[in-house]
Structures are given as structure tokens and as C-alpha cells.
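**Student:** Each protein sequence line maps, in turn, to chains P and A.
Mind the numbering: the first sequence is residues 1 to 348 in our numbering, read in order.
Mind the numbering: the second sequence is residues 1001 to 1348 in our numbering, read in order.
Any given hint could turn out to be false.
Unchecked claim - Straight-line Cα separation of at most 25 Å, SDA-like style, residue types lysine to any residue; simulated pairs:
| hint | chain 1 | residue 1 | chain 2 | residue 2 |
| --- | --- | --- | --- | --- |
| 1 | A | 1159 | P | 28 |
| 2 | A | 1166 | P | 102 |
| 3 | P | 303 | A | 1222 |
| 4 | A | 1159 | P | 155 |
| 5 | P | 159 | A | 1032 |
| 6 | A | 1278 | A | 1005 |
| 7 | A | 1298 | P | 102 |
| 8 | A | 1303 | P | 172 |
| 9 | P | 296 | A | 1101 |
| 10 | A | 1274 | P | 270 |
| 11 | A | 1092 | P | 163 |
| 12 | A | 1303 | P | 213 |
| 13 | P | 274 | A | 1209 |
| 14 | P | 339 | P | 294 |
| 15 | A | 1110 | A | 1159 |
| 16 | P | 92 | A | 1049 |
| 17 | A | 1159 | P | 172 |
| 18 | A | 1274 | P | 263 |
| 19 | A | 1296 | P | 294 |
| 20 | A | 1166 | P | 263 |
| 21 | P | 159 | A | 1157 |
| 22 | A | 1159 | P | 263 |
| 23 | A | 1296 | P | 270 |
| 24 | A | 1092 | A | 1063 |
What the hints contain is simulated information worked out from the structure, not anything from laboratory work.
2 protein chains.
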Amino acid sequence: MIKNDLFLRACKKLPIERTPIWIMRQAGRYLPEYRAVRDKHDFLTMCKTPELATEVTIQPIDIIGVDAAIIFSDILVIPEAMGMKLEMIESKGPKLYDPIRNIQQVKSLKKIDPTKDLKYVLDAVELTKKELTNRVPLIGFSGSPWTLMTYMVEGGGSKNFSEIKKFIYNQPEAAHQLLNLISENVADYLSAKIEAGADAIQIFDTWGGILSQDDFKEFSLQYIQKVISLIKRNDEPIIVFAKGVHFLLNELANIGADVIGLDWTMDLSEVRNKIGDKISLQGNLDPTVLYANHEKIKEEAIKVLKSYGNGNGHIFNLGHGILPDINPENVKHLVNVVKEESKIFHKQ
Amino acid sequence: MIKNDLFLRACKKLPIERTPIWIMRQAGRYLPEYRAVRDKHDFLTMCKTPELATEVTIQPIDIIGVDAAIIFSDILVIPEAMGMKLEMIESKGPKLYDPIRNIQQVKSLKKIDPTKDLKYVLDAVELTKKELTNRVPLIGFSGSPWTLMTYMVEGGGSKNFSEIKKFIYNQPEAAHQLLNLISENVADYLSAKIEAGADAIQIFDTWGGILSQDDFKEFSLQYIQKVISLIKRNDEPIIVFAKGVHFLLNELANIGADVIGLDWTMDLSEVRNKIGDKISLQGNLDPTVLYANHEKIKEEAIKVLKSYGNGNGHIFNLGHGILPDINPENVKHLVNVVKEESKIFHKQ
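Just chain P, with the same shape it has in the complex (with noise of 0.2 Å):
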């Protein structure tokens, strides 16, 4: 039995004493402590060490005191499983060589098998899972299939995202079938993660926001929807963020997500009006109001509290990634304010 099951039951819609609040990429380059093991170990070494993943995964349930941990990994260990070369370039960023475009190349990738595969994130989810001594839920994660073939497109990250563009429409067969593809690999390794012991699981469709409409449902929603419906589960909820994806989101809604996360530019009140109580909804400070000071960092998060309101099913987080130069005493705030102000909102 997990200790502190404030976020599951969050994701759930069950009654909750206060609202949880977990923070994406809270393992990271903020915490002196994070950077301390990554000074000695490249970025996919910690990746693919239990031992360090653990570790910097563990960080912030100790030091910040949020109420969900969630595995160190990177999304693009699914590409590199699949075939592809990964190298992580200091701040530039990650590289995949000889990005995909053509169907010779899709041809050429394989169907993972998680469980050889990927076994060192496997391994560091059940290490994980047994070093927190059930203090706080474990989440697993994994980018969606658009994103996973937009890096693998594009070679890494891109500003007009020119080539992954391309390829949709010139090459759509060849799109589809490559989605298709990830779409199993993503649905066996968050499977397999579940089975090792992860206690929900985040999609991150990091670059969604980057297409039209009509493009996100036919190249972005219906992969996501596929993805869903063959992960193994019991009743591990799944939280979907789509980033600046604003449109959709009653679709976005009804493909068997649990949680649908927003950034900071969403209204949580009228996303909440507008797809009714089915879903849970997680979000969405703006990241930098953690560069403020500890009034202005309490009145904005009062803000996002109050926008979603009285009742269950509001998880907090910020709408992105926190940033790596932000001052740790801020974030301890943060979570100090939610975990204060937000027990208003759950009186009966």
C-alpha cells in the first residue's frame, strides 16, 4: 500500500484531503544534488545505471517533498532501442543519427522487446519501487508516438521542423506506418514498465502543438488513442500532455486518458467547464513565475488553484519542464504553498 496515494487518487477523481503536486522534470539540473551525481556520469549512463537512476529519481521526494516520483529516463531511449544511434550533446541537445526519411529506413527499424531491450529502465523502475519504500506513487513515462517520430525525423530538435513536415506530406504511407510501429513499441515498453512496477504512467506529446488541427488527429490523437487501448493495466491511471495543443481537447478527452495535462496558457477553469468532470486535469503554472519571489510564487499558484476550483481531480504542476537555473528554496515553496492552500478546495 502506497503511503501518500494523494496523486492516484487525484488522477481518479476520488475524494482528496488537498490537491498533490509533482513536478516535470523535477529530477533535473536544479537540484545541486542532481548535479552532483551528473558531474561524475554522462546523461545516458545515468540513464542506463539503476543505481544513479534511482538515485537522482529519489532526489526530490527527499528535498522538495513532492507527492509522485517519476523515472529517470529520457524518451528517446525508444528510438535508440529501435535501432537508431543516440548521442546527447551538451546543451545543444539530443542527436539521433541518420534520421529516418524514407520507407526503406522505417523498414529497417524493429519491434522492441522491453524486457531485453530496455531491461535497465525496467530494472531501475523496480529498484526505484523498492527504495521508495511505498512513500509516494511512481510514475513511467513515455513521448508519444508523433513526438518519438519527429525527433526521429528530424535528427533531434528542430525550430520550422521542416523535415518531419515534409515527410507527413509527401511521405504520409511511410508516416503512418513508422506511427504504427512506435505505436506498438511505446504500448509494450509502458506495459512493461506497469509490470515492473510503475503505479501510472505520463505521455508526453511534446511537439503536438506544432501541427494543424486536422494534421493532430490524423498523424497525433489516434496514435496516442492506440497506444492507450493496448497498455496493460490494471487501474494505473494515464495522464496525457499535450503541449500547446489547445484545441481538441473534448477528443482529446475521450481516448481513455485519466488526466489530460496543460501548459500555462491554458485557463484550467474553462477547459474544466468545457469537458465536463470526466477527466482529471493536471497543470499549469508558467515555469518562470518560479523566478519570483516567494509572494508573487504564492499568489500565482493561489491563481492556478482557484482557476480550477472546489473538487477533486487537479493535480498541480507547472505547464512545462522546470527550468535548470531555478533557486530549489523556490520550488519548496511552491509545493509548501499547494500543500497548504489548496486543503480550501477539498473541504466537503
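Keeping the supplied structure of chain P fixed, place chain A upon it in accordance with the hints.
**Tutor:** What follows is chain A alone, placed relative to chain P:
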């Protein structure tokens, strides 16, 4: 009298026989004729030499056949005129030296007199008007106060917009003082452009979409409204293009603009339903569709026309600036498709 005034009539929701089209950044690198000029002169020299600015402004009218010209210039000429040192660094984007970070720096910036400090732009407008021989209208433009302040505080482009966010959260009074000064400068600059012959104005709020809704109201929207209220004009229409601003559209429609520009993630029909027929809409084809073949370009262009639907008040454009590696033949094709296929939406 302007011979082809379809664009101006569309801005005012007057009857038109077909939908007019122009393209953001239409005077740009995708045109070999532009690159031929650019190869001989640096970017700022082109902005500051009326003959060169006029030449590239008129190129897309002759070559592509768009229904409006937009004066070749850059939004950062205003910060430069206010006293900042501006440099355009090849393939790296703009750099503003000694970025603004405190109230003392704000106080050191000057109120501009556009007839002196930006005379070269006004000369370019006058010369272009002359050389256009009234074939199509000429659009003048500016960045919004928020977007200009973002560049002035960041010192150029940005990934996380950390500095501008620190500035507004920790020094809001300095930010508002700077926004007021920029607003007056932008209004005077745009009034002078109209005086020099500009037939319409577009205000680019390129960075409005990085703000939460409350912050957008406080730091961007009210200053665009201030600019519009201060501009001296007869019936020259004003377009506001706030990229990524998918929220507060009713508020945006009520600040005195004639047209709202929309990016490609928006649904024209939804927006038209929401804000009613009080204002025209401009947009919003995904710029990367121009990487596709002619058939797909036609299909997607018709989708945009259908999305707006029957009746006046639509100006066709991309949802963002055209990318530099687009084939001009594809752009000509798009223009022809819009000219031909839009007639049916304007039958009485």
C-alpha cells in the same frame, strides 16, 4: 485609387469577388531575386536604403502575384532608434547589445521622432508607393510593445524567455514604464508610416503566446490597444497578428483592430463562430504545407477557404512567415489556387 483593393475591402468586410492573399515574409530569402540583392548588401543596409527596400518589397507583387505589398523592414528598428545597438548576425538572428534589465536602463531610452530617427523607413514607404503605381495596397508594420520589450530584455531571440519573465515578475513597474514608452513610439512610428503612404498596418505580437492569459492581458493586450487608440489614421485598417494566442479572442476582437491574424493551429470557422462577424480574419495555412506537392497544396488551401466559409472578411495568408527554403513555384501555385478557388465563396 488603388487598382486591386481586394485586400483593403476584405479588411473592412466589404463585398469582394474573391479572397485576397498576401504572405508574411513574402519579400524574403525564398525568392532568388531577393537573394541576389541580399548577396550584395547586408540586411540592415537593405532596411536603411530606400531603393533596396523598395526593390525587394515589390518583387513578390511582380513574381508571385500577391494582392498586397508589405514594406521590407524589421521590427527591431524601433529599439535601435530608442538607443540600443542592433546587429543582425548571419544565421543566428538579431542581437541587441546591453539588454534592458533595470529601471535606470529604461529611463535611458528615448522617445523617438520617426520623421528623424526612422526617416529611412518613411522614405522607403514613399518610394515604394510611387513605384507600386497603385497596383496593390502597401502594408506598414511594427512589433507589438510586448514583443519589442521581449527582444529588448532578452537581447535577441530566446528559448525559455527567462530574462523577460524575471523582468515582469520582479520589476513590474519598470516593465510597465518601458511598455508605455514603446507604445507611444510604436504609435508615432505607425502614424508616420500612414502619413508617408501606408494603406494598412499590421502589428506583430510574435511573443504574446508565451504568456499566461492574465499576463497577456496585463503586459501585451492593453498596450496593443493603447497603440491602436493613439495611431492617427483615416480608414487605414489595422491587423493584429498575435502568434500562439489561442485565448481571449473576444477581447482581442474588441481593441479597435479591423482584422485578427491567426496561426495554423486555429480553426477559422470556430473563431468566426466565436467572435461573430464584427472583425475580419487573416490566415492561416501551415507554412510547411508549401513543402508539399501542388495537389496537396491545393487541397490544404481549399480546406482553409472552406473553414472560413462563405462571405466577406477573409484574407488568405500563411499562419506564420514563409520559410526560406520554399520553392517559389509552390508559392505561385498557392496564390493561383486561392485566386481561383475562392470565387465560389463570394457568390451573392
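**Student:** Run every hint past the structure and note whether it holds.
**Tutor:** Against the structure, the hints:
Taken as a hint, the residue 1159 of chain A and residue 28 of chain P pair is honoured in the structure, with Cα atoms around 18 Å apart against an allowance of 25 Å. Only pairs whose Cα atoms come within 25 Å are accepted, and residue 1166 of chain A paired with residue 102 of chain P is rejected, the gap being roughly 44 Å. A C-alpha spacing of about 21 Å is found between residue 303 of chain P and residue 1222 of chain A, which places the hinted pair at or below 25 Å, so the restraint holds. With a C-alpha separation of about 19 Å, the suggested pairing of residue 1159 of chain A with residue 155 of chain P holds against the 25 Å cut-off.
For the suggested pair residue 159 of chain P and residue 1032 of chain A, the alpha carbons sit about 23 Å apart, so the restraint of at most 25 Å is met. Using a Cα cut-off of 25 Å, the hinted pair residue 1278 of chain A and residue 1005 of chain A holds, with the two alpha carbons roughly 20 Å apart. With a CA separation close to 24 Å, the supplied pair residue 1298 of chain A and residue 102 of chain P stays within the 25 Å bound. A hinted pair counts as satisfied when its Cα atoms are at most 25 Å apart, and residue 1303 of chain A with residue 172 of chain P qualifies at roughly 18 Å.
Restraint check: the Cα-Cα separation between residue 296 of chain P and residue 1101 of chain A comes to about 19 Å, which is no more than 25 Å; the hinted pair holds. The hinted pair formed by residue 1274 of chain A and residue 270 of chain P meets the criterion: a straight-line CA distance of about 14 Å does not exceed 25 Å. Taken as a hint, the residue 1092 of chain A and residue 163 of chain P pair is honoured in the structure, with Cα atoms around 20 Å apart against an allowance of 25 Å. Between residue 1303 of chain A and residue 213 of chain P the CA atoms are separated by roughly 12 Å; this keeps the pair inside 25 Å, and the hint holds.
Pair hint residue 274 of chain P plus residue 1209 of chain A holds up; C-alpha atoms about 21 Å apart against a cutoff of 25 Å. Taking the CA atoms of residue 339 of chain P and residue 294 of chain P, the gap is near 15 Å; set against the 25 Å cutoff, the hint holds. At most 25 Å may separate the alpha-carbon atoms for a hinted pair to count; residue 1110 of chain A and residue 1159 of chain A exceed this at roughly 28 Å. About 37 Å separates the Cα atoms of residue 92 of chain P and residue 1049 of chain A, which puts this hinted pair outside 25 Å; it is violated.
Among the hinted pairs, residue 1159 of chain A with residue 172 of chain P is inconsistent with the structure: their alpha-carbon atoms are about 30 Å apart, more than 25 Å. Proximity of residue 1274 of chain A to residue 263 of chain P is assessed by CA-CA distance (about 22 Å); at most 25 Å being required, the pair is judged to hold. Simply put, residue 1296 of chain A and residue 294 of chain P have alpha-carbon atoms about 52 Å apart, too far for the 25 Å limit, and the pair is violated. Taking the CA atoms of residue 1166 of chain A and residue 263 of chain P, the gap is about 19 Å. The hint holds against a cut of 25 Å.
For a cut-off of 25 Å, the pair hint linking residue 159 of chain P to residue 1157 of chain A stands: about 12 Å separates their Cα positions. For the hint pairing residue 1159 of chain A with residue 263 of chain P, the CA-to-CA distance comes to about 16 Å; that is within 25 Å, so the pair holds. Between residue 1296 of chain A and residue 270 of chain P, the direct Cα distance comes to roughly 35 Å. Violation of the 25 Å bound is thereby established for this hinted pair. For a cut-off of 25 Å, the pair hint linking residue 1092 of chain A to residue 1063 of chain A is broken: about 28 Å separates their Cα positions.
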